Structure formats: structure tokens, C-alpha cells
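Participant: Letter by letter, the chains look like this.
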Amino acid sequence: MAGAIIENMSTKKLCIVGGILLVFQVIAFLVGGLIAPSPTTAVPYTSVKCIDIRKNHHKTKWLMPWGPNHCEKLKDFDEAVSRQIEANDIVFAVHIPLPSKEMSPWFQFMLFIMQLDIAFKMDNDLKENAEITLDVSLAYRDDMFDDWEEIAHAIEIRKLKCTFGSPKTLESEGRHYDCDFLPFMEIGSVAHKYYLINIRLPVNERKGINVGIGEIKDIRLVGIHQNGGFTKVWFAMKTFLTPSILIIMVWYWRRITLMTRAPVLLEKVIFALGISMTFINIPVEWFSIGFDWTWMLLFGDIRQGIFYAMLLSFWIIFCGEHMMDQNERNRLSGYWKQVGPIAVGSFCLFIFDMCERGVQLKNPFYSIWTTEVGTELAMAFIIVAGICLCLYFLFLCFMVFQVFRNISGKQSSLPAMSKARRLHYEGLIFRFKFLMLITLACAAMTVIFFIVSQVTEGHWKWGDITIQVNSAFFTGIYGMWNLYVFALMFLYAPSHKNYGEDQSNGDLGVNSGEELQLTTTITHVDGPTEVYKLARKEAQE
Amino acid sequence: MRSAAALSRILLLILLLLLLLPPPPPAAAYFGLTGKEALTHFPSLGPSTSSAQGKVHVKQCDLLKLSRKQKRLCRREPGLAETLRDAIRLGIMECQYQFRSERWNCSLEGRTSLLKRGFKETAFLYAVSSAALTHSLARACSAGRMERCTCDDSPDLENRKAWQWGVCGDNLKYSTKFLKKFLGQKRIGKDLRAKVDIHNTNVGIKAVKNGLKTTCKCHGVSGSCAVRTCWKQLSPFHEIGRLLKLRYDDAVKVFSTTNDAVGHSELAGPQRHSHSPKHPASPRSTDLVYVEDSPSFCRPSKYSLGTAGRTCSREGNCDSMCCGRGYNTQSRLVTFSCHCQVQWCCYVECQQCMQEEVVYSCKQ
Numbered sequence: 001m002a003g004a005i006i007e008n009m010s011t012k013k014l015c016i017v018g019g020i021l022l023v024f025q026v027i028a029f030l031v032g033g034l035i036a037p038s039p040t041t042a043v044p045y046t047s048v049k050c051i052d053i054r055k056n057h058h059k060t061k062w063l064m065p066w067g068p069n070h071c072e073k074l075k076d077f078d079e080a081v082s083r084q085i086e087a088n089d090i091v092f093a094v095h096i097p098l099p100s101k102e103m104s105p106w107f108q109f110m111l112f113i114m115q116l117d118i119a120f121k122m123d124n125d126l127k128e129n130a131e132i133t134l135d136v137s138l139a140y141r142d143d144m145f146d147d148w149e150e151i152a153h154a155i156e157i158r159k160l161k162c163t164f165g166s167p168k169t170l171e172s173e174g175r176h177y178d179c180d181f182l183p184f185m186e187i188g189s190v191a192h193k194y195y196l197i198n199i200r201l202p203v204n205e206r207k208g209i210n211v212g213i214g215e216i217k218d219i220r221l222v223g224i225h226q227n228g229g230f231t232k233v234w235f236a237m238k239t240f241l242t243p244s245i246l247i248i249m250v251w252y253w254r255r256i257t258l259m260t261r262a263p264v265l266l267e268k269v270i271f272a273l274g275i276s277m278t279f280i281n282i283p284v285e286w287f288s289i290g291f292d293w294t295w296m297l298l299f300g301d302i303r304q305g306i307f308y309a310m311l312l313s314f315w316i317i318f319c320g321e322h323m324m325d326q327n328e329r330n331r332l333s334g335y336w337k338q339v340g341p342i343a344v345g346s347f348c349l350f351i352f353d354m355c356e357r358g359v360q361l362k363n364p365f366y367s368i369w370t371t372e373v374g375t376e377l378a379m380a381f382i383i384v385a386g387i388c389l390c391l392y393f394l395f396l397c398f399m400v401f402q403v404f405r406n407i408s409g410k411q412s413s414l415p416a417m418s419k420a421r422r423l424h425y426e427g428l429i430f431r432f433k434f435l436m437l438i439t440l441a442c443a444a445m446t447v448i449f450f451i452v453s454q455v456t457e458g459h460w461k462w463g464d465i466t467i468q469v470n471s472a473f474f475t476g477i478y479g480m481w482n483l484y485v486f487a488l489m490f491l492y493a494p495s496h497k498n499y500g501e502d503q504s505n506g507d508l509g510v511n512s513g514e515e516l517q518l519t520t521t522i523t524h525v526d527g528p529t530e531v532y533k534l535a536r537k538e539a540q541e
Numbered sequence: 001m002r003s004a005a006a007l008s009r010i011l012l013l014i015l016l017l018l019l020l021l022p023p024p025p026p027a028a029a030y031f032g033l034t035g036k037e038a039l040t041h042f043p044s045l046g047p048s049t050s051s052a053q054g055k056v057h058v059k060q061c062d063l064l065k066l067s068r069k070q071k072r073l074c075r076r077e078p079g080l081a082e083t084l085r086d087a088i089r090l091g092i093m094e095c096q097y098q099f100r101s102e103r104w105n106c107s108l109e110g111r112t113s114l115l116k117r118g119f120k121e122t123a124f125l126y127a128v129s130s131a132a133l134t135h136s137l138a139r140a141c142s143a144g145r146m147e148r149c150t151c152d153d154s155p156d157l158e159n160r161k162a163w164q165w166g167v168c169g170d171n172l173k174y175s176t177k178f179l180k181k182f183l184g185q186k187r188i189g190k191d192l193r194a195k196v197d198i199h200n201t202n203v204g205i206k207a208v209k210n211g212l213k214t215t216c217k218c219h220g221v222s223g224s225c226a227v228r229t230c231w232k233q234l235s236p237f238h239e240i241g242r243l244l245k246l247r248y249d250d251a252v253k254v255f256s257t258t259n260d261a262v263g264h265s266e267l268a269g270p271q272r273h274s275h276s277p278k279h280p281a282s283p284r285s286t287d288l289v290y291v292e293d294s295p296s297f298c299r300p301s302k303y304s305l306g307t308a309g310r311t312c313s314r315e316g317n318c319d320s321m322c323c324g325r326g327y328n329t330q331s332r333l334v335t336f337s338c339h340c341q342v343q344w345c346c347y348v349e350c351q352q353c354m355q356e357e358v359v360y361s362c363k364q
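Chains as they are written, first to last, in UniProt numbering: chain A, 1 to 541; chain B, 1 to 364.
Pulled out of the complex, with its shape left as it was, chain B reads as follows (with noise of 0.2 Å):
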């Protein structure tokens, strides 16, 4: 009788501790790869998605990494599934070419451990991911893909009536606003962390933002100006992606500091001003902004594979990058394709050339 008692009273313990237990931070960001995958290995749209196309994005859904209500989104679009697949690729492959010649070369290994983290790192993930995002959708908008889009947004008319009038908004805004729902970001807690992971992922969708193009075309009489209509152009993502290597270089540590006025806490950067001590500058809303201080990724750790063994250009940053270790000096002879006469589209014929190419490594 006495063990049982004991028994449930560890049990109404158990249960009160998980009860206490914090709710699992926001996702603020999204990535849809746990790191385990590789991305080659991630399939790449194939002719399959032609058919049935009622179940298959269905399936589709059930196959990327979502939380329940991001799932229910996605079952509700069908052009969902297939523009966030389009999206972490954007994403992987901008991040892999721009920190192609950094110590950390953003690989999947070590991701998930990283994405835990609050270094520089993890910031320009967020912002990657979401500046990815958010193209996809505004991309996918134009390309007809997904079904609701920027009439969506128009809060007065009904749908048809407000594109037949002409109130629609433009696909940027449109993504922008589904992907604040999609990533969740209404809750903010008192976590350092998830505050700092949604001032990334707004630093990402902010980026796309300001790479818009404003053109316009004069159709007047006989083409004059008296009639001029604008609009806006996404830039290419390499543009956005060089951006946000910027604002990586530049990134601001934070720390939090409670506001006794507001009652809530915010964000703290370093003073820039100095005049005012005790009222810490709050980060701009471009800048990247971490809380820890990013580990060499020299070694082999939770976070990297390390450097040993990548291939450095010698006149440029072996020393930094094989953090002193030194570097394997190999000649081989390599056979490349040269000459080559390529023609729009899909036609190439080479010629095979043998050079010699002496290739930098790190050492062990």
C-alpha cells in the first residue's frame, strides 16, 4: 500500500515537473534537413510530381520535417511542399558557395548541433533559410505554382472581386506575411535564444526585401509616359546571399537586458553611442546578432568535421584556414574539359585536356 501511494505520488511529481517544463521554444526558422540527410541525397523534382496531383503533394508534405500546424499548411497548398524542397536547396547551396572559403563550410554535418547554438554560425543559417524562403514562395507565386497567393491578402473584397478591381498586393508581401504564419512567430518568450533566432530569420526576409528592383515601363500614347506602370523584381539569390555574408562578417553579439518601462525584455547590443550607458543600443534591424562566441571549427568537433584535409589556395587563406597547422602540397595531373562549345541549351562538346595542378591541403 505504501510503495503505492509513494509510487503515485512520484508519478503526480513526474507529471508536475513536466508540466513546469518550458513548451518547446517557437521555430523560428525552418530548414526541413535534420544534417542526417545528405543533399544529394535529397530528391530533386522529378517528372513523379506530374501525376495524381491531388495525392501526391499530400505525400510530399509527409516526407519533409514540419511541425503539425506547418504540415497542416502545407496539405492546405499544394505548391507547398515542392517550394519549400525548392527553398532548402536555395538555401544549402547559397550558404555552401559563400562560406566555400571559411573554416566552417556549412555542412550538413554538424547542423543540427549548430542550429542549438546561438554562434554567428547558426545567425546566418537562420537568415539563409529564411531569405530562401521567401524567394521560393515569391517564385512560386509568379510561376503559378502555388494556388493562393497575392489576392490573398486583400482584406475587403472577396478573392476574384479584389484581382477583377485590381487591389491585389504583390508576391513579396505575400510571402512574407505566410512565411511570419508559417514559421510561427507570434509567441515571443522571454528566451534570449528564440528572440535572437527571430531577429535572424527577419534579417534574412528583410534582405529580399531591400534587393527589390523598382522597373518600370511608359505605355502612354504612342508610348509616352503619360501612363508609366512599376513594379518590383526580385534580385538573383547570389545577390542576397552575398548580402547576408556581409552582415555575417559584421555581426552584433547581444545580450538581454529587461526593459523596467515596458515590462518586457530586449534585445542589447554593444553601446555604439557612448553617451548613453545605460541604455544599450538595441541592434539594428539589418544587422546579424548571436550570443556566443563561435567555436575554430578547426578540430573535428559536435559542430564540424573540421579542416583537416579541405583544399586551400595558397595565396589566399591556407594560414587562416588550416589554422596554422600547415598544408599538404600534392601536384597531380588532372584531366579537365576544355575548349568547350556550348550552346544554348543542353548541348556541350569538350575537348579533354591533362594539366598539372598542384592542390593545398590541411594537415592533420
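Okay, chain A solo, but in the shape it has when bound (with noise of 0.2 Å):
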């Protein structure tokens, strides 16, 4: 009669892997807060406004802010009312990077924000609920001597959501709205060194389009990209973590497979558990590297949604196979009410994803927020997913009370037992209490961490030696779930040493070669007792 490693693990043993995690787990912190840059850099671009006099020359259509052949720039637009400069011949040209750098594939991804300094004046007031329309276009080039190629061009509207603190008189006049920034772009790979991007607001007043938009100033850009130190880094761990993961899985299904029984629906949701765990750490990034993956992005949250999606079915699974009642479960559909809402759930959020990243494949300016049906369609998702989760943590709560509630029944009942089954339950019992120390300790880190990294500034400073908070987050936060999965793996594999073994007469009635599943259907080894009724009735109560 066999259980999992963890029982028939002595103590000293079981401090011995603990410490070994705990020590993976400290250096798992430490490469992030001390080896790795911060996770993500901001990079602010203003952007120069240019004036477009291609229908004279016919030169080529996009236009540089700076450097060689760059194009005749305003300085403001006082200067293009003098000079009878129409709207639509004024672009506003932002190259990526700034000048003398180069962006590189180990950059990911880069997302920007737009930002409009919009001043105010007594006869060109911002309008309720103004919306503008930017006519946008992307470009890429590798050399800073080749023609610019087109990556993008989209006509995009975006809401202005501004507000005005001081009074709207002639005194404040020049003074600039405080204006939410509106999401820009975001492409899933920097494949490229330089990029260009041409804005123009195309006025037109029979359409209203671009009417009311107040005496725009400038347009600013923020750029957001990851690291490329926090990129090798990243690579690195997930290039380490992948073997180790697939090893211990592979040990693991060989145990599985050594016995002579099936295996129960437990082990085969932790195996799945460590495979959903190696598709996020196989290092397919690499790839990135080499080839313009622009799904890159989306197929990170996919892989990321099937491990959680993973997680959370694991736990709610485990607690029913240690409910120690009657029920005969050991199987998924045993379970719908409970994984019914993680799939629903997971499945609003993927749609949701594949409506703003998914589309962003075809059009890196598409965002669902900017128009009110979309704003309200994501809403909704998010709201489904939301309720989902709640009824998830609700049930899953309720059975973590049951189990406890059995638990304490079965405990007053314990000394009463035949040792195979006194055995039997206190190391049910004791399976559950580790792994429910183990789950809360992990999600408490995760909490915590993730709240020290949203207060503090980015990075703590102790004397010579800088930290980086949200690196140390990331990678401290991922070698955790990982060393979660693995130690799973390990510590709950079937065991193959025996009850009997320990005690010199195995008169329990129990043949000691048979294998006593993970699950507690105890009723299939022997009928209930007397004892055991009584137990039951307890726990009914």
C-alpha cells in the first residue's frame, strides 16, 4: 500500500529538498533584482512637425524629423498661418530610436502612447466629447541609407478625454488641457533598426472630421519596449528551466507508468500541469531573434492563459480527491461545475485578447478601447471573466472548507482506526496540508510582490549595489511557479516504498502489493467500518 514520495519521505529529507528549493529560489530573486536591467524603458519622443511639399517635388512620401535629408520643419503654428500652410500638408514625423541608436530584436516589443498638448484659446475651444482622426503610417528601414518600406498605414479615430483646471477665460488662455494619453501602437516584434512614423490630422469640415479639436500644440509619443538585458536574462532562465522541467516530468510518468494500476485523474492533471508549464518555459523567443514573429506577443498570453487556466483546475481537482467522503470521483466531468467557469473564463479572456492583439497583427494601431462598442465588448469579456473567477474562488473556497471539515472528523476518528487506514488518512492529511501551505505561501509571495512593485519607484538603492524591484519580481515570481510545479512533481509522484514494509506483521487485510491510488476511495479496498460510519455520520453533521 503505497502513497505519494512526500509520506514515505523522512523529515529530514523533506527539509533537505525544501531547503535546496528555497536556495533556487533565492537566486531566482537575485538574477532579476541584480544581473537584470529594469523589465521595460519609457522612451519620450516629441514629435518635429514637417511640412509636405512633395506635390511640388515629388520626392519620396515620408518624411524625417532629423538627420540627413531631413524635412523643412515649423517651428509653431503661428509660423503656418503666416505662411498659408494648410492642415493636411503638416505632418508630424517621429523616428525610432533618437539619433545615433538602434532598436534590436531584443527589444520584444514596443507599445506607444500618444500624448497631445492641446492649449486652450476663447475661440478654438475643445469641443464635448471631440474626437480626432489621425491619418497614420508606419515605416522600417535597416540602413540609415535605404528607402523607408511601408509596415503599416491606418486611419485611426481616437476620443479625447481632456479636462481644463482654471476657468475658461481670456486669462488662461496658452494654457494647455490635461489630457488622458490615448493607447498608439503596438508591434510584437522590433525586428528592424529604424522605424518612422508620419501622422497627419486631415481636416475636413463638411464631414466634421477634425473639427473642434483645439489649437493642437504638439503631438508627443511615448515608446515602451522591454530591456534587451532583461531579454537575456529572461532567455536564460527559460533556457535553464525548460530541461529541468521536462526531466522531472519525464521521471515522473515513467513512476506512473512503472505501477501496475492506471493512472487516477490527479496525476494525470499534475502531468498536465508540468506540460502546460514547459509550453511557457520552451524558450521559442529565441526565434525572435532571427524571424519577424509578430504573434510573439499573442502567443505569449496564450501560453500563459492555458498554464493558469491549468493552475487553477490542478487546485480545485486536488481539493475534491482529498474530500475523503464517498463520492466517486476521478473523473473531469466529475468536476464541471468547478472548471465549467475557468474554461468560460479563460475562453472570454482569449477572445478578448484575439480582438485587441490579434488584430493589432493586422494593424498595429487598432485598439478595441477606442470605439464605444469595443470599449463595451471588452467590457463585457472582462466582466464574464471576472464573474467567472469570483464563482471559481467561491467554490473553490467552499471545498477547501469541506476538506478541512472532513479533515477534523476524520482526525477525532484516527486512533481508533486499523493502521493501514490510519496511515491511510494521516497521510491524505497530511498531502493536503503541505500542499495547501505550500499554494497559499506561493500566491501570498505573488500578492506581495506584486504590490511592492506597483508602490515602490523601480529600483532600491543600498549603497553601491541597485536592486531592481520589478525585475526581481518577474523573474523571482516565474522561478517560483516553476519550482511550485516541480516540487508538485516530485514530492507527489507515487510512491514506491511501501506501508508494510515498516511494520513487521502485515495481517491489515490488505494485500501489500496492491497499489492504493492517489484518490481516497478506501470504500474499494475494504467496507466501510464501524468506525468509519460513524465518522461519516460525524462529518455530515
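There's no promise every hint is true.
Stated by the list, open to error - In silico negatives: residues of chain B with every beta carbon more than 12 Å from chain A:
(1) L73
(2) R145
(3) D191
(4) N202
(5) K217
(6) S294
(7) P300
(8) T311
(9) R325
(10) Y327
(11) N328
(12) Q330
(13) L333
(14) M354
Said to hold, decoys possible - Label-pair restraints from in silico Cβ distances:
(15) B/R284 to A/W462: 25 to 33 Å
(16) B/R100 to A/K168: 17 to 25 Å
(17) A/C397 to B/G169: 41 to 49 Å
(18) B/L212 to A/M144: 44 to 52 Å
(19) B/R72 to A/C355: 55 to 63 Å
(20) A/K362 to B/L212: 34 to 42 Å
(21) A/T239 to B/K177: 33 to 41 Å
(22) B/K177 to A/I247: 45 to 53 Å
(23) A/V373 to B/K161: 41 to 49 Å
(24) B/K161 to A/C397: 37 to 45 Å
(25) A/G208 to B/M354: 28 to 36 Å
(26) A/L14 to B/L212: 50 to 58 Å
(27) B/T112 to A/W462: 48 to 56 Å
(28) B/G169 to A/P68: 22 to 30 Å
If you're looking for bench data, these hints aren't it; they were derived computationally from the structure. Bear in mind that the values here come from a model prediction, so they are computed numbers and not experimental data. Note that beta-carbon positions come from the ideal geometry of N, C-alpha and C, so glycine has one too.
Make the complex out of the two chains shown on their own, each in a separate frame, by following the hints.
Facilitator: Written out as C-alpha cells, the structure is:
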């Protein structure tokens, strides 16, 4: 009669294993905190106002803000009024990156947000719910002297959400509105060295396009990308973690197949958790260094989603299989009530992500939040997912409560049980409590670190040492869940040791060769005894 | 023979005197304008800069009023000349806007003599000019006008590698550092005025720093806040000007004290806390400081043109601006543009309206 490894391990060994895992955990934090730079960088760009004189010269349609053959610049719009330049001939140009730098595939992704500087003018006030229409195009080149190649061109509408702090009088003319930033662009790979953004604000009075948008003084962009250094550390970590999880997975599965019985649900779920962890770990991102795979960002989201769904399902099934009541579960269909919300929730988030990042594969300027219908749709998806998550947690809490109730019921009747059964129950209780403790610790760590990284300024300084809190958060938490899965597969693998070996007289009516499954279906092994019946009664009360 | 010896002795004396004379005080601020040029004459940035990049900026540097060291820095950095001119414009415009209804209206006349003194107004000028420079430099960096920007101050790694690895600083840090180098603040003598000027310059830089707003964007899985990036954003220069004007109103008069323990002199303000009379409180780093009480600016002097002829508002400031001399009331018909149809950008259609307007102006 065998249980999991964790039950048969001596406390000393368990402590050693825990210590080793703890060392790895600390290393994971330190790698992020000390070696890696901060995860992302935000670079502010101010657009240069160019005059599009293409009509006369028929040159390239791309306007450069600086460098050789840059465009004819406008200082401000007063100059444009005096020179009688039309709105349609003004192009806001932004070159990415700034001079004497170049982008690199190690940056993984780029996302841009847009900030408008709108000055207050008595006779050109910003209308209520004004919308701005942008004619945007994006181009790339890999050499300073190549021609620009177009990546995308789109006409986008964004809503302006601005407030004005002072009274709208003549006195406060020239002061700026306080405007929310607008989502501008998102690209899932940085395969080229130089990028160029050209923005036009076409005016069409008859159609009401770009009318009543106030006096726009400047367009500023903020480009966010992952830091090359962080990417390298991250890749290194993934490359190291993949084989370790893979090896323990193979070992785990071999142990299960070595047994005479078929694997039970819980074992399968643990294995599936291992697979989804490996799926995240496999460093396919290495390919993004060589190939222009813009779908990497979406793919990463999907991988994470699968892992989260798997983890949540595992918790439910683990609780269910340790319920210690009479119900025969061991089937996924037995958990439809709890797993259902997970499936629905993840599906909602998947659809939402497809609508946002999926569409961005085609049009990097797209954002679901810019239109009213889109916002409502997105909110609907997110709310449904949120409800599902709440529902799930209610179920989970209820199940945990039930297990604890059963445990306390069992514990009172333990001394009266036969030895084999007592050991079996003690094992179950220990297994459950151990996982409960570890899971809670991991979840608490995640939450605490998340809050810390949100609240603090990004890095701490102790003398000469700078600790990057955000990077430490990412590598530490990522390492932690990897270790969690690793420990789970190691400690909850079926043990080959027998309870019977420990005792001299194996006369408990249970064949020592028979392997007890990880489920609690003790009723199979032998019929309920008087004590057990009593315990059940108690439990039901 | 004797006369020749006497001559040589006199020459030696002059030479000695020249050597003994204190070196010119360190330039703690940069104004660029001597006050003789009017702002309107100041060449605005036209398309002239677009051709032949190499030489143009050197010529622009020569046009500006710079010390030798500053000229060297200016020549090294192609975008600097343009940025300096931006900064001068920005500073003057803001100063004149903030002082539009004061006796001293930040006019360029008398500015040179004003800068040689230690008035409250001088303090404001120093602060606003350094704030404008900091602001303009940071902006020029983000517009790609400067070649050496943020990554320049990452010490360990080579420039390009620092950018790839992601350890570059931000624009404002760079511009503050550059400014300190540009203004040559390292040599602080015992001169009280020089110290006051440096203090006020730093007040300006600090005002820009304090005006930074932190904005964040969430971009984790499905746009969640699991990954969040924050950046600092310059506030519009108007806000900084307003802040400095408030500081001007609460400026602190200082005198020099010698700290025996440390051995160098420090700025000392009025005793804010009366419990330690022996140690007068040094002014806060956000206070503007001055050493001399300002003149009234009422009459024409070498500091200003006086307030005669300035227009004022009757309900507001006529009494104080006209220094009690009274004001003329003149009513006239003015034509102005009204019912304007303004469109972004660059299209204005107005009607011409006539209105009778009463103008108050200070008497001689």
C-alpha cells in the first residue's frame, strides 16, 4: 500500500529538498534584482512638425524629422498661419529610436502611447466628446541610407478625454488642457533597426473631421519596449528551466507507468500542469531574434492563459480528490461545475485578447478601447471573466472548507482505525495540508511582490548595489511557480515504498502488493467499518 | 634712463595689479541676450537650418554670446545652438508673461545692469533662464535634436551597449547634468553674489524637476497591470513660470556668514526659527534669494524704462503700477477680430468688429 513520495519521506529529507528549492528561489530573485536591468524602458519622443512639399517635388512620401535629408520644419503653428500652410500639408514625424541609436530584436515588443498638447483658446475651444482622426503610417529600414518600407497605414479615430483646470477666461488662454494619453500602436516584434512614424491630421469641415479639437500644439509619443538586458536574462532563465521541468516530467511519468494500475485523474492533472509549465518555459522566443514573428506577444498571452487555467483546475481537482467522502470522482466530468467557470473565463479572455492583440497583427494602430462598441464588448468579456473567476474562488473556498471539515472529522476518529487505514488517512491529510501551505505561501508571495513592485519606484539602492525590484518580481515569481510545479511533480509522484515494509506484521487484510491510488476511494479497498460510519455521520453533521 | 626704469616699474605694478584682481565671477547662468537686441530681432528658426548641417551649427554658435568653454560645447553638439535659442525665447516670453502687470515688466532694457546686481528680479531672471534651459534641453533630446543625450551618462557601459541593455537615464537627468557643466558651476568662490546666483539657478532647475508628472501604462497579459511601465513627463513651461513667480513673491533676503567649523562661508537667511539666534537658517533649496532691495522701477533708470505710459487695468493694478502718479484715461475705437472661425490648423476666418475701449495708462 503506497502513497506519494512526500508521505514516505523522512522529515530530514523533506527539509533538505525544501532547502534546495529555497536556494533556487533566492537565486531566481537575485538574478532579476542584481543582473537584469529594469524590465521595460519608456522613451519620450516629441514629434517634429514637417511641411509636406511633396506636391511640388514629388520626392519620397516619407518625412524624416532629423538626420540627412530631413523635412522642412515648422517651429509652431503661428508660422503655418502666416505662411498659409494647410492642415493637410503638416506631417508630424517621429523617428524611432533617437539619433545614434538603433532598435534591436532583443527589445521583443514596442508599444506607443500618444499625448496631445492642446492649448486653450477662447475662440477655438475643445468640443465636448471631441474625436481626433489620425492618418498614420509606419515604415522601417535597416540601413541609414535605404529607402523606407511601409509596414502599416491606417486612419484611426481616437476620443479625446481632456479637462481644463482653470476657468475658461481670456486670462488663461495658452494654458494646456490635461488630457489622458491615447493608445497609439503596438508591435509584437522589433525586427528592424529604424522605424518612422508619420501622422497627419486631415481636416474636412464638411464631414466634421478634426473640427473642434482645440489648438493642438504638439504631439508627443512615448515608446515602451522591453530592455535588451532583461530579455537576455529572461531567455537564459527559460533555457535553464525548460530541461529541469522536462526531466522531472519524464521521471514522473515513468514512475506512473511503472505501476500496475492506470494513472488516476490527479496524477494526470499534475502531469498536465507540468506540460503547460513546459509550454511556457520552452524558449521559442529565441526565434524572435532571427525572425519577424509579430505574433509572439499573442502567443505568450495564450501560453500564460493555458498555464493559469491549468493551475486553477489543478487546485480544484486536488481538493476534490482529497475530500475523503464517499463520492467516487476520479473523472473530469465530476468537476464540470468548478472547471466550467475556468473554461468560460479563459475563453472570454482569449476572445478579448484575439480582438485586441490578434487584430493588432494586421493593424498595429488598432485598439479595441477606441470605439464605443469595442469598449463595451471588451468590458463585457472582462466582466464575464471576472464573474467566472469569482465563482471559481467561491467553489474553491467552499471545497477547501469541506476538506478541512472532513479532516477534523477524521482526525477525531483516527486512533480507533486500523493501522493501514490510519496511515492512509494521515497521508492524505498531510498531503493536503502540505500543498495547502505551499500554495498559500506562493500565492501570498505573488501578491506581496506584486503590490511591492507597484508601489515602489522600480529600484532600491543599498550603497553601491542597485536592486531592480520589478525585474526581481518577474524572475522571482516565474521561478517560484516553476519550483512549485517541480516540487509538486517530485513530491506527489507515487512512492514505491510500502507502508507494509515499516511494520513487521502485515496482517491488515490488505494485500501489500496492491497499490492504493491517490484517490480517496477507500471503500474499494475494504468496506466501511463501524468507526468509519460513525465518522461519516459526524462529518455530515 | 631713470624714466625708463620708472616706466618699467609702473608696468610691473599694473601687471601685478592685473594678477591680483579677482578672476571674473563664474558664469552661473546663461542669458544669451545682452539686452541690446530686441526679442523680435532675434532670429527665429527658419528653414535656414536645413541645409548643410555640418557648418551651420558652428556659425550659429558664433552668433550666440558664449564663453569660450560654452562655445566649445556648442560646437561639439550640433543641436545645441538651436536649443539655446529656444531656451532664451522660452525664458523671456515666460518672464514677460509672468510680469505683465508688475512695475518691472521683464523688458530687455536695463537687463544687463539688472543682472549685475542682486535684486529679487535678478533672482527670478537667473531661475527662469536656467529652468528654460533645462526644459528646452530635455525637450530637444526627445525631439531627436541632440545627438548626445540620455545614454551619455551611463558610466560603466559603452553608449550603444547601454541603450541595448537598457540602462540609460532619462532626459531630465541628462539635461541637468549638462547644464551644470555648461554653466561651469564647480568653482564656487567666496563671492556672495556668485553664490546667490548659483543658488537661484539651481532653484530654476529644481522647479522643472518638481514639475515632473509620473504617468504609467499597464501592458501585461491582456493589458493587465502585471507589467507596468512608468515615465516622467515634463509639465508645460507655463506651470514652471507660475511656480517661480510664486517663489519670487516669497523671496528671501540673505547675507553671508562664515561657518568657522567648516571654514567656508554659507548663505544665511533671516531667522525662521528664533530659538537658535547663533545659527541663522540657511535658505531652503527651493527659495529664491536676493541680497539687495529692489529699486521701485517707477522712474526711468538704468534698470528699467519706468512705468510711464504703461497700460494698466483700473480695477487691478493702476495705483501700484503708476506709483501714485495717477493715470490717463483714454477712450478709443479699436478694431479687432471677432466671431472667429478657427480650425486646426492654420486657418482663421474672422470678422472685423469695432468697439469702444477705455485704456488707462500711467502718467509721466
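Participant: Indicate, hint by hint, whether the structure satisfies it.
Facilitator: Each hint tested on the structure:
no. : hint                         : result
1   : L73                          : holds (17 Å)
2   : R145                         : violated (7 Å)
3   : D191                         : holds (35 Å)
4   : N202                         : holds (23 Å)
5   : K217                         : violated (6 Å)
6   : S294                         : holds (26 Å)
7   : P300                         : holds (29 Å)
8   : T311                         : holds (15 Å)
9   : R325                         : holds (26 Å)
10  : Y327                         : holds (21 Å)
11  : N328                         : holds (24 Å)
12  : Q330                         : holds (21 Å)
13  : L333                         : holds (20 Å)
14  : M354                         : holds (18 Å)
15  : B/R284 to A/W462: 25 to 33 Å : holds (29 Å)
16  : B/R100 to A/K168: 17 to 25 Å : holds (20 Å)
17  : A/C397 to B/G169: 41 to 49 Å : holds (47 Å)
18  : B/L212 to A/M144: 44 to 52 Å : violated (33 Å)
19  : B/R72 to A/C355: 55 to 63 Å  : holds (56 Å)
20  : A/K362 to B/L212: 34 to 42 Å : holds (37 Å)
21  : A/T239 to B/K177: 33 to 41 Å : holds (38 Å)
22  : B/K177 to A/I247: 45 to 53 Å : holds (51 Å)
23  : A/V373 to B/K161: 41 to 49 Å : holds (47 Å)
24  : B/K161 to A/C397: 37 to 45 Å : violated (51 Å)
25  : A/G208 to B/M354: 28 to 36 Å : holds (33 Å)
26  : A/L14 to B/L212: 50 to 58 Å  : holds (52 Å)
27  : B/T112 to A/W462: 48 to 56 Å : holds (50 Å)
28  : B/G169 to A/P68: 22 to 30 Å  : holds (28 Å)
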